[in-house]
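Here's the letter readout for the chains.
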Amino acid sequence: MAEGIRIENLVKTYGQGDTAVHALRGVNMSVAKGEVVGLIGPSGSGKSTLLKCLGAVIEPTSGRMTIGDRVIYDDGWKVGDLRALRRDLIGFIFQAPYLIPFLDVTDNVALLPMLAGKPNAEARKEARDLLEALDVAHRAAAMPSQLSGGEQQRVAIARALVNRPPVILADEPTAPLDSVRALAVVDLLNTMARQFETAIIVVTHDEKIIPTFRRLYNIRDGVTVEEGPAGSLGSDGAGKS
Amino acid sequence: MISLAGRDILHGWGKFVLTGVGLGLLIGVTLSMAGVYRGMIDDAQALLDNSGADLWVVQKDTLGPYAEPSSLNEDTERPIRAMAGVDRAAGVTYLTMQIAHRGKDVRVMVVGAEVTQPGEPGQPPYLMAGRRIVQGHYEAVADVKTGFAIGDQVKVRRNTYRIVGLTSRMVSSGGDPMLFLSLKDAQEAQFEKDADAIVRQRARTASSPALNPPGNPAVAEAVNAAQASSTNVNAVLVTVAPSADADAVAAAIRRWQRVTVYTRAQMEEILVDKMIANSARQIGMFLVILAIVSAAIVAFIIYTMTIGKIREIAVLKLIGTRNRTIAGMILQQALGLGLIGFAVGKIAATFWAPFFPKYVLLLPADSVRGFFAVMAICALASLLAIHAALKVDPAEAIGG
Ligand SMILES: Nc1ncnc2c1ncn2[C@@H]1O[C@H](COP(=O)(O)OP(=O)(O)OP(=O)(O)O)[C@@H](O)[C@H]1O
Ligand SMILES: [Mg+2]
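Listed in order, the protein sequences are those of chains B and U. Start counting the first sequence at 1; every next residue gets the next number (the UniProt record's numbering). Start counting the second sequence at 1; every next residue gets the next number (the UniProt record's numbering).
Just chain U, with the same shape it has in the complex (with noise of 0.2 Å):
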């Protein structure tokens, strides 16, 4: 026997390739979709892998340092690393902001972190090129996605600093690029006032009795002192021992200090599970609009198909041919028109994957996944014409 659906599909190949190749790009889109997805989740990924800590100890009752603002006097960290459990405590400062840079705004994740040592948390796990941060002021160290090059000076607040080194992979849960700056440059930017506020504020202080006494003038020197100068942290990042139970750790230290502790279960679930839920759902949306706009295109073309060789299956119903064979061929279209459909769908997608401005992510299972999907739409889609086929009669061959 030979394949009739293979043989309609030869004879009329130009319309059946470009229907497919109509279909392919729907289908990309929704690959690239699944893939923003993704690559969402590899982001907020990346960014609990690339901190390097076990444990995050936030202010009580927040869900900082990503999802939720978070302040803590960065002291806290001092007893943690006494804890027993703890290998290191650092603490990191995190501000989203947008950096001018060639006439060009870049948004960006400003990081303050402690670069005094290597190895401590926060830092970025490895340069692509150039070096750490070895002065505690004005070097900086930047993901490749902010364009910056090495040797670049980059105004950030009201202080310029010069990049020292290059990283990669290094975004925040949004997608934004990281700028590494030493944890007191940081903490200038972030929590420092600018030149009026601080005015005013000193104004406020010398007009207040309580904070300017008469005939004491350095207590009020003492008050703007700890006014203008910021010892905060958005989070402390801990890692502990190689023998420690990260568990255990987070519950002495919440029992100890009163800060809100992660573990890194815990703040994925906060990452991917609460922040990225929303968009999630967004996602989902159009995945299952797609598929219907999918399912539909396909089921109009294959009943297009069946209903212009009405009179061809009603002479091969005639002549005997089964409707299981009928059937057969109507669905084999369906699914061949899938399989070109999937085919350039998968090129599209992995083709125009690096031109989105956020990481796409496309992963085989999601391609597999999609690929069936793909066949059992069209073959749901195909039913339509299989049923239009199936009550040709072979009567009407004969005619009146």
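Same shape as in the complex, but just chain B (with noise of 0.2 Å):
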């Protein structure tokens, strides 16, 4: 499979001299497209940093990260808007949805075509289709705060795909929900891996759906380990449920 997101020997120090915190200290890890891998490690790890250092929110002090071939950082940023590049190659999806809660379900996933520069009517168009494909379409026109907790995930998630990024960041994307919606939010991520040809990475804690993941990344202290499918995590039994 073509290569999503790689990133080589990432480091992220907060601060400097004796009040520096090291929270990546040399991070590895590659996610192809079409695959969903897990992000997991004890609190303070280092999860959130890396998100963000991926997410180009805030800046690695040094290592490397590429996006299909282009080189996003290399001891620096290669690219000079960074907004831009978070619109076009990367999308989001977080704990709670967070829907911009003055647009309807169909704005709320048209905006981000429209920031890209779409007309309006072809940034809807897209957002329907894709709500189609998640199978909230019939909720196209209300507000986020009319629907259930799983249909603003699904339009959440809508939201993420709709300028097909290369790559999707989800930060415990199943936090607030019962194992059955958590579990058809991680088939949902793995179909839409799959068809839209997106790298996804998920951070979790959430037991139920650590088994699920085909390949997991564990971070401790900073450093990824890779392991295998879940269910040969090691002694520490984090997979085991």
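Honestly, the hints are just simulated from the structure, not real lab data. All values reported here derive from a predicted model rather than from experimental measurement. Treat the hints with caution; some may be incorrect.
As the list claims (entries may be wrong) - Have a look at the derived ranges for each label pair, beta carbon to beta carbon:
1) U:H387 with B:G15: 24 to 34 Å
2) U:H387 with B:A175: 25 to 35 Å
3) B:Q195 with U:H387: 23 to 33 Å
Unchecked claim - Facing chain U, a subset of chain B residues (Cβ under 8 Å, in silico):
4) E3
5) G76
6) G80
7) F94
Unchecked claim - Pulled from the structure, derived: some chain U residues nowhere near chain B, Cβ distances all over 12 Å:
8) M1
9) I9
10) L25
11) T116
12) Q135
13) R204
14) A280
15) T321
16) K358
17) D366
Every residue gets a Cβ at the ideal spot worked out from N, C-alpha and C, and that includes glycine.
Make the complex out of the two chains shown on their own, each in a separate frame, by following the hints.
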């Protein structure tokens, strides 16, 4: 499979001198297009920090990062407009859906292509097609506050997908859901990853879904350890349920 | 691209409109204050216009007759009338007083004017109803704002007058409606002493060897007669011939008579720049305070609205919304608030203007100025919220 995102030896140090926090000490990771990987690790291990670096909202200290064959970071940003990078190459899914409360479902999704300069009608068409694929098309005209939690999360997934980004970063996307819904979301992410050829990284604590990942990265003290299929996890038992 | 500001406003329109209405009432008060000021200027101008005069001849070195007391002998008018370039000249008296009418006190400015011939300066230039004063005595023409009706009897000092005509927009510079009497009647009202004072004056004359020389009683009688009647006026109003230059005529009068002469422009300066100046400053202060209060309200509301959306703003930034778009959204909301406020304010000011006791003149130009001021204030007030929004870190959307 084609490469989605690759990071090599990524280092992030917060602060300097005595108060420096070495959040990431050389992280290596590679996710192919169409693949969903899990990222787990104890509290304070650097998961959110890694996600922020991948999402280009904080600057790493050193290392290298590529999306497809584009070099994004190589001991410094290699793209001028990080905002456009986030808009076009990275989709975000959060723990809470964080939909824009004053836009209806369609426009919540259509906003991204609109921000990228597409005409409203075209953007809405893309949004509706995606809502269809995610099975929430019947709620297309509703306001976010009128949706159930699961529906909201699916709209959020549609929003992350709509610009067809090569990478999607998901931060605890199943935390508020019960296990049936949580597993459904993971299924959905797998389907979407294949359908839209997207590399999806899912940060999670969620014991219910950890066994479903074919590949897991376990991050400890700022260093990633790649682990095989979830079933073969070591003695920490993170994958056993 | 859709209008984020518009969608947000529609989403929470109730709160938005309520705030706009509150702001609007404040703006209405502001517009009314400006209207009160314009009304004062307009009253002053109406006073000058309606006097029909080109020149005001007053007691030497006074700012009379409206801004300071001035007293001239009415005979001053005669030589003036004979001067080259002078068309007409007529004495007038002005006296602001309270008149009891149907159990209420009405504050009026009693004007004594030459009524013997129509068209003399000082007379009301037009009547809404009734007729001019034709008898030398005991007839009056009133401004409608006095509330008097034709046929009413009103008592001014010791005499009773019948209202024979009504006029309008005839007010003093303070906004008091005018009551016109013949010059003789008005002089009596203004300068004549009451019975007690006359008795005392007579006693004084009688006991003074100079005014009541023994063996010559005619002297005291003459003195008493001279003291009892008054031939003073407050000013002589002059119109100049169409061909003559008012400034030149004024200069000529100044040269030959020991009086002070004001032209229309000078009179306007006295009334508007000197008399109204203090009120103008007072109103100016109010306008400044109201502007600050409005700005504070808009700033507070827009700021709270923005702080309430911090998470959404972080998400918008994370998914690639430009700072410019977010600042634009907040600015548009502030301007929208201003727009509602201005519309409500304009309607409110127009609605309640007639209920003010004094003339409130809402000039379209002031509304236009007010509109731009409101927009500028709203834009300025949104800066705080914009600053807060731009400081939001997109990383906040990802959380810890
Ligand atoms: N802005 C910051 N400044 C300084 N130190 C930070 C900052 N953000 C995170 N850290 C530190 O970096 C380390 C990694 O934090 P991070 O938030 O990435 O952990 P995490 O794996 O997401 O933990 P959790 O599972 O509790 O969310 C922690 O020691 C944290 O205290
Ligand atoms: Mg975290």
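Do the hints match the structure? See the list:
1. U:H387 with B:G15: 24 to 34 Å: holds, 26 Å
2. U:H387 with B:A175: 25 to 35 Å: holds, 33 Å
3. B:Q195 with U:H387: 23 to 33 Å: violated, 43 Å
4. E3: violated, 23 Å
5. G76: With a minimum Cβ separation of about 19 Å from chain U (threshold 8 Å), the hint on G76 of chain B is violated.
6. G80: At about 14 Å, which exceeds the 8 Å cut-off, the nearest Cβ of chain U leaves the hint on G80 of chain B violated.
7. F94: holds, 7 Å
8. M1: violated, 5 Å
9. I9: Not fine: 8 Å to the nearest Cβ puts I9 of chain U too close to chain B.
10. L25: holds, 27 Å
11. T116: holds, 77 Å
12. Q135: holds, 76 Å
13. R204: Consistent with the label, R204 of chain U stays out of reach of chain B, its closest Cβ about 88 Å off (over 12 Å).
14. A280: At roughly 45 Å from the nearest Cβ of chain B, A280 of chain U sits farther out than 12 Å, so the non-interface label holds.
15. T321: Given that some Cβ of chain B is not farther than 12 Å from that of T321 of chain U, nearest at about 6 Å, it is violated.
16. K358: holds, 46 Å
17. D366: Non-interface label stands for D366 of chain U: nearest chain B Cβ at 36 Å, farther than 12 Å.
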